[in-house]
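Undergrad: Using the sequences and the hints given, assemble the complete structure.
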Amino acid sequence: MRRAVTLLSTLVVGTTLLAAPAAFAPARAQNPITQDGQNPMGAKPTADSVNEEFLFKNADKITGRVSIPDKKSANLIQPQGREYQSFRERYLPWIGAAFILGMIAALGAFFLWRGRILTDDTQESGRKILRFNAFERFTHWMTAVCFIILSLSGLNYIFGKRLLMPLIGPEAFGALAQWAKYSHVYLAWPFMFGVAMMFVVWIKDNIPNRIDWAWIKAGGGFIGKKHPHAARFNAGQKGVFWMVAGFGAAMGVTGLMMLFPFALLDINGMQVMQVIHALIGITFIAGILAHIYIGTLGMKGAYDAMGSGKVDLAWARAHHDLWVEKEQAKTASGPQLGGRHPAPAE
Amino acid sequence: MARMKFLCDADRCIECNACVTACKNEHEVPWGINRRRVVTLNDGKPGERSVSMACMHCTDAPCASVCPVNCFYTTADAVVLHSKDICIGCGYCFYACPFGAPQYPRVGNFGSRGKMDKCTYCSGGPEPDLSVAEYEKYGSNRLAEGKLPLCAEMCSTKALLAGDGEMIAEIYKQRVIKRGYGSGAWGWKTAYRETVAI
Amino acid sequence: MKAFIVAVVAAIGLAVAAMYALTSNQRFAYQAFATTGARVSEPGTNLVGEKWTGDPNTNDKSESAHGKATGEPSHPKRS
Chain G
593 MRRAVTLLST LVVGTTLLAA PAAFAPARAQ NPITQDGQNP MGAKPTADSV
643 NEEFLFKNAD KITGRVSIPD KKSANLIQPQ GREYQSFRER YLPWIGAAFI
693 LGMIAALGAF FLWRGRILTD DTQESGRKIL RFNAFERFTH WMTAVCFIIL
743 SLSGLNYIFG KRLLMPLIGP EAFGALAQWA KYSHVYLAWP FMFGVAMMFV
793 VWIKDNIPNR IDWAWIKAGG GFIGKKHPHA ARFNAGQKGV FWMVAGFGAA
843 MGVTGLMMLF PFALLDINGM QVMQVIHALI GITFIAGILA HIYIGTLGMK
893 GAYDAMGSGK VDLAWARAHH DLWVEKEQAK TASGPQLGGR HPAPAE
Chain C
475 MARMKFLCDA DRCIECNACV TACKNEHEVP WGINRRRVVT LNDGKPGERS
525 VSMACMHCTD APCASVCPVN CFYTTADAVV LHSKDICIGC GYCFYACPFG
575 APQYPRVGNF GSRGKMDKCT YCSGGPEPDL SVAEYEKYGS NRLAEGKLPL
625 CAEMCSTKAL LAGDGEMIAE IYKQRVIKRG YGSGAWGWKT AYRETVAI
Chain W
86 MKAFIVAVVA AIGLAVAAMY ALTSNQRFAY QAFATTGARV SEPGTNLVGE
136 KWTGDPNTND KSESAHGKAT GEPSHPKRS
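Protein chains in written order, with the numbering used here: chain G, 593 to 938; chain C, 475 to 672; chain W, 86 to 164.
Hint data in this document are derived by calculation from the structure and do not stem from the laboratory. A hint or two may mislead.
[Said to hold, decoys possible] Below, computed lysine to aspartate or glutamate pairings styled on EDC-like, alpha-carbon distance capped at 20 Å: (1) K902/G <-> D712/G; (2) K647/C <-> D485/C; (3) K87/W <-> D896/G; (4) K621/C <-> E500/C; (5) K519/C <-> D640/G; (6) K653/G <-> E668/C; (7) K664/G <-> D858/G; (8) K558/C <-> E601/C; (9) K892/G <-> D713/G; (10) K647/C <-> E645/G; (11) K663/C <-> D652/G; (12) K519/C <-> E645/G; (13) K720/G <-> E917/G; (14) K653/G <-> E522/C; (15) K498/C <-> D662/G; (16) K663/C <-> E645/G; (17) K621/C <-> E502/C; (18) K649/G <-> D517/C; (19) K653/G <-> D517/C; (20) K796/G <-> E917/G; (21) K589/C <-> D662/G; (22) K652/C <-> D640/G; (23) K632/C <-> E522/C; (24) K558/C <-> E500/C; (25) K498/C <-> E619/C; (26) K87/W <-> E728/G; (27) K818/G <-> E917/G; (28) K647/C <-> E668/C.
TA: Put into structure tokens, the structure is as follows:
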């Protein structure tokens, strides 16, 4: 019995197999694609398959699926790297050189034209008034030291291989650049902290007001002999304050975005961040060069404010008359030494 | 000298990942670092294609050009290699690479990610050919032994082609003519600023 | 001057603190990309490591054949 069933089913299957080609024959005759060398499924792989051109029309990069755990590697092609390359290598060095050398040249020309800005002697000369207390000087110098190292190591990213590498050789330069990178990444933190502290400490004296407008219209004392009125900070110093606050924040944010890849942005985002970071950094360095010039070489007596914290009363009267009046009004007893402020550092 | 290139025939690639495994084993690449990977596009949809991708050894390579310490160099075979002694791990090549080739031993911030690692086209690094130092830093140097990259050599469907650019472009062209279709040389336009004319 | 020196010291101190903070939350690729099925204990840090001799016969496989990476294994060994 069982054998008979097996035999029967074999027969049925056999007949079906034999009959099948005949049954499909009309279909085959109608479909010319099943000729030799053609796809038996009748599909057109060319028309169906994805291709680069089509995918780039839909999105600016090609992304798929990967079986490895690193899902960021699913990006197949992101051609924006070419644009980033062309900015960084073709334009950035020239922009950087133009800004920084341009600022140095401008300061040099200004020095030749105007010379050192001096203060006329008055009967108050020789007496001192405390301008920045120890904490203010501390925050300033912490930020300043970080800024100088950050700017040098930052410029090293752009100009190091062009200027320094041919001089000292690739191995020495590699070691130097490694340390420069470490200092750039790690000193960024005290810098950001310092900018935040300076912002808090000095914001109350840096709100722009009408006196600033008059100061700008009068040429800020750069042109001519007469010094316009100014409170604790004049419009130029307020400009430096807001530049440091704004650029410092921008540098911090863009830097953090690059330091922590994929935290918020993808590769394209990081390219944009690098462009912004570089451009603002260059402008920042040029701006701070002017700040350094006017605080040291450009103006007699200005460095004392951040050096010892105490400035000559005649200088203070000439440059920050409203501030001197306010300080003196607080105690009504002439120059402030000790007294209200905590003892200065030296 | 030859101008070495990779070409992945996506119409042949079956996403077996043998190229990935071959690369890992040949160079003792640690876990988590992928010099080569297979990306599947349109996964599960009609017209799905897989592309095996590694460093394409670009013409005028973005990584080499943006590197702040010039640690990259191009060999006589037009292979883009780098020196791990000079690399500072800043990540600029990683921002610039159109193919996601640069890899790092650590995955967090760029402060201490370590030296960059990428496909060497199986041709080591700046150290003397086939030396221990070269193997330790970059893996084996098959090109110095007269062999082509292992990923392409052992591709089961011969989808991944490695060799002189003109030669592999010709092989691909013949295939396309014979079978009547081809989805193109993936990444060639970005990497070499040219594509295989069919 | 005192304020300046204190500032330099503070900057270096904060930078060192930042270095420790940033380095300590760094993860190796083999830890980050290991799946539950993988048991990665001592992969080389960067390719095969320091002790590789180049000769497969004399290559000491018993210990330190591969450069040992510091850090925690990705997954504890399953019992």
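Undergrad: Hint check: K632/C vs E522/C, CA-CA at most 20 Å. Holds or violated?
TA: Judged against 20 Å, a Cα distance of about 18 Å means the pair holds.
Undergrad: Is it true that the CA of K653/G sits at most 20 Å from the CA of E668/C?
TA: Measuring from Cα to Cα gives roughly 18 Å; hence the hint holds.
Undergrad: K558/C and E500/C were given as a pair; does the straight-line alpha-carbon distance stay at or below 20 Å?
TA: holds, 19 Å
Undergrad: Take the C-alpha atoms of K653/G and E522/C, compute the straight-line distance between them, and say whether it is at most 20 Å.
TA: holds, 17 Å
Undergrad: Holds or violated: K647/C with D485/C, Cα cutoff 20 Å?
TA: It holds: about 13 Å lies between the C-alpha atoms, which stays within 20 Å.
Undergrad: Are the Cα positions of K519/C and E645/G separated by 20 Å at most?
TA: OK: K519/C and E645/G at ~18 Å, within 20 Å.
Undergrad: Is the Cα-Cα distance between K647/C and E668/C 20 Å or less?
TA: Holds: K647/C and E668/C sit about 14 Å apart, inside 20 Å.
Undergrad: Given the hinted pair K818/G and E917/G, is their Cα-Cα distance within 20 Å?
TA: Measuring from Cα to Cα gives roughly 18 Å; hence the hint holds.
Undergrad: Does K558/C pair with E601/C here, judged by a C-alpha cut-off of 20 Å?
TA: Satisfied, since the Cα-Cα distance of roughly 10 Å is no more than 20 Å.
Undergrad: K653/G and D517/C were given as a pair; does the straight-line alpha-carbon distance stay at or below 20 Å?
TA: Distance ~16 Å between K653/G and D517/C Cα, so the pair holds.
Undergrad: Please verify whether K720/G and E917/G have alpha carbons no more than 20 Å apart.
TA: holds, 14 Å
Undergrad: Between the alpha carbons of K647/C and E645/G, is the straight-line distance 20 Å or under?
TA: holds, 18 Å
Hint violations for this structure: none, all hints satisfied.
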